[in-house]
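J.: Chains as they are written, first to last, in our numbering: chain A, 2 to 419; chain B, 2 to 419.
Hints should not be assumed to be uniformly reliable.
The list cannot tell twin chains apart, which means a pair is met if one copy fits it or any two copies do.
Claimed, not checked - Heads up, simulated EDC-like pairs for lysine to aspartate or glutamate below, C-alpha to C-alpha not over 20 Å straight-line: (1) 115 <-> 330; (2) 130 <-> 143; (3) 130 <-> 315; (4) 353 <-> 32; (5) 115 <-> 246; (6) 19 <-> 334; (7) 19 <-> 56; (8) 115 <-> 16; (9) 353 <-> 167; (10) 322 <-> 56.
Quick caveat, the hints were computed from the structure, so don't treat them as lab data. All figures in this text were calculated on a predicted structure; none of them were measured in a lab.
2 protein chains.
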Amino acid sequence: MNLVVQKYGGSSVGDAEKIRNVARHVVATREAGKDVCVVVSAMGHTTDELVTLAEQVSPAPQPRELDMLLTAGERISMALLAMAIHDLGHSAVSFTGSQAGIITTTDHGRAKIKEVRADRLREALQQGKIVIVAGFQGVSDESYDVTTLGRGGSDTTAVALAAALDAEVCEIYTDVAGVFTADPRIVPTARVLHAVSYEEMLEMAASGARVLMARSVEYARNYGVLVRVASSFDLSAPGTFVREEDERMEKAIISGVTYDTTEAKITVHGVADRPGIAGRLFETIAEAGINLDMIVQNVSRAGHTDISFTVPREDIDAVRKALEPLMRELDADGIEADADVAKVSLIGAGMKSHPGVAAGMFRALAEAGVNIEMISTSTIRITCVVREIDVARAVQAIHDHFALPDEAVVREQHPRSV
Amino acid sequence: MNLVVQKYGGSSVGDAEKIRNVARHVVATREAGKDVCVVVSAMGHTTDELVTLAEQVSPAPQPRELDMLLTAGERISMALLAMAIHDLGHSAVSFTGSQAGIITTTDHGRAKIKEVRADRLREALQQGKIVIVAGFQGVSDESYDVTTLGRGGSDTTAVALAAALDAEVCEIYTDVAGVFTADPRIVPTARVLHAVSYEEMLEMAASGARVLMARSVEYARNYGVLVRVASSFDLSAPGTFVREEDERMEKAIISGVTYDTTEAKITVHGVADRPGIAGRLFETIAEAGINLDMIVQNVSRAGHTDISFTVPREDIDAVRKALEPLMRELDADGIEADADVAKVSLIGAGMKSHPGVAAGMFRALAEAGVNIEMISTSTIRITCVVREIDVARAVQAIHDHFALPDEAVVREQHPRSV
């Protein structure tokens, strides 16, 4: 079976006319000889509106009931899409996450997919039907309650179904043309990449690119699902493939520059430099349920050192609350929080075998007059913390410095035949 | 278990504040020592809005998908109500029709409840939780698809749950104060009845009273469910009990006057008066899927007779189309359709043992100068077809003539202890 999974986000199904457009594209794919499984998000801002309603009835809505509420959103869009496809003369049938066999943990609001029992979908596909599945939702096999997968969950639904149904590709239609070398609102010369590896996409997602959530990319990597990210407003454009790294990718040293202005830098000054201190500090933060990102500790002077890390800005108060009782035990001087920072990252699978990339990035920032406050690296990523007001200049300077390969070059390296 | 089923209609849960009001009432019932099972409709005009969306994507929406779409409405209201109750410090859990075990036929848009498998509800109630169930919806045990029960379906859900859970009463909260002796917009002196029998309520529903749909009353009668209809805007008012007829009801000869202006009168003139003709005529109409109401045939003159009946006004063309090919076979002179008519009905279980009620009704109409065009009766109902412009005068005249018992008298006959 030549099956394609297509996922359409909320902006792609924002009103009746857009739903009819999506229906036409789905039908065109079907008429090109493919079986089609469509995953839809809730229409436009439906999910946000439902969250607002929930907050109006209860300041702290019960997670189980919030999931029950939010799953109404995809139910509406999927039923409408099925009707629109039917209206074009094709047979379509919609399934909730539960009906589609998306079995999850019971963690309401951030459930994880444990298993996909896609028998009902396979049966419908074998009957020649176009199958439509609600994104973002599943059902717990412990409580039998409906669950949601959290932000970006519909992408994960699509990738999980592509894996379960052995699809040839999982197409993610969104409101951007693909994965860019940098945010085109900041860097007008930024280009759409033809392909990136799962690892690069993961680093991009973790460092601020919003096009795909990290979880869906991880899922795709684990199951070897070929993902294509493309624009739902320009369906003829090729978009970006997210796939296994292979030898043809080697020449592209750098894939993109990303940034993130949602985090704050926390510094704990003058911490005693002895074994167990960092462990104590970060255990305390973990117990408070705060997601840490970068951690930097420098060499110590006079038996004391500074430890810095970044956290989501909304967690600044929680970090202070968690750490203040610890200051004496850590022998620390104080906690400093700075919300006016930004992370700028350079990502590329090729940098593994190309020393000097980091130096190039630092030089580019220096020439642009941007001061670096923290540095952290992985094998395929370099991240600098800079002042937030410098972020656009920093991204532009790095992009220019590496003269990110133009699309023609990329295409030659990665022929469309993938 | 002292269980109360409470059903709240769309206007009762129209916004966040109204949902919080309903939550307070539910909690008050719980705190009075009752187990509570709540059935909710979709908020305000949600269902109509979803139907409009469906019509925007497809002129003839698929019934399966329309049901999938519409069931999102109750999902939203029930989850919000559960959150609001939780916010008041009580434990509540919401269930879709499918989760609540409402097993139906597969007739999308007008499914019938076949069975209620309420194990999950019983379990939640035993855990001390307030249970909330989506009205209007169920699941087919043949196709495993989600179904809806049609207009007024939430009332049927409530009654079916009251029967399955052996509730002491099924309270239907609506936007009117109960069952009136006549429409209070027409008869300012109309009063709320303290109690009516299932049979009277069925006749009232069939003859134009909108307060309860006939199907839910039939269900209540079949399972002996005590129903109380009351206002969700004045929760202290007693409302109306719908129940088994008993000896205490005997004195109330007349319960109410109803009217219906949604039907048209069709007359087939000069039909041959021989066996099989009426059968042929009404078979043809039934095959066209048209719901007949009153049928009147008078004695014949010269081997021919006139047959009249009423149908929903929107079916006039369909009736003509169905019958015109038959005119020759029936030896008939022609078909006449008259949309400017109204049915006025007088209902009362006591009229069985009180001859003269019909005569009193006809006299009242004559004195008011209202001409009677058709008459039909059951053991507890008399219906006259009159001109539509006479309907208010007719209802008022009949109500006055029978001086319908005031609430004090009714109360004495049917003490609150029922």
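J.: It remains to establish, for every hint, whether it holds in the given structure.
T.: Do the hints match the structure? See the list:
{"no.": "1", "hint": "115 <-> 330", "in the structure": "neither (41 Å within a copy, 68 Å between copies)"}
{"no.": "2", "hint": "130 <-> 143", "in the structure": "between (31 Å within a copy, 19 Å between copies)"}
{"no.": "3", "hint": "130 <-> 315", "in the structure": "neither (46 Å within a copy, 35 Å between copies)"}
{"no.": "4", "hint": "353 <-> 32", "in the structure": "neither (43 Å within a copy, 67 Å between copies)"}
{"no.": "5", "hint": "115 <-> 246", "in the structure": "neither (26 Å within a copy, 56 Å between copies)"}
{"no.": "6", "hint": "19 <-> 334", "in the structure": "neither (58 Å within a copy, 53 Å between copies)"}
{"no.": "7", "hint": "19 <-> 56", "in the structure": "between (29 Å within a copy, 14 Å between copies)"}
{"no.": "8", "hint": "115 <-> 16", "in the structure": "neither (33 Å within a copy, 37 Å between copies)"}
{"no.": "9", "hint": "353 <-> 167", "in the structure": "neither (32 Å within a copy, 71 Å between copies)"}
{"no.": "10", "hint": "322 <-> 56", "in the structure": "neither (26 Å within a copy, 54 Å between copies)"}
Violation of the numbered hints given earlier is confined to hints 1, 3, 4, 5, 6, 8, 9, 10; the remaining hints are satisfied by the structure.
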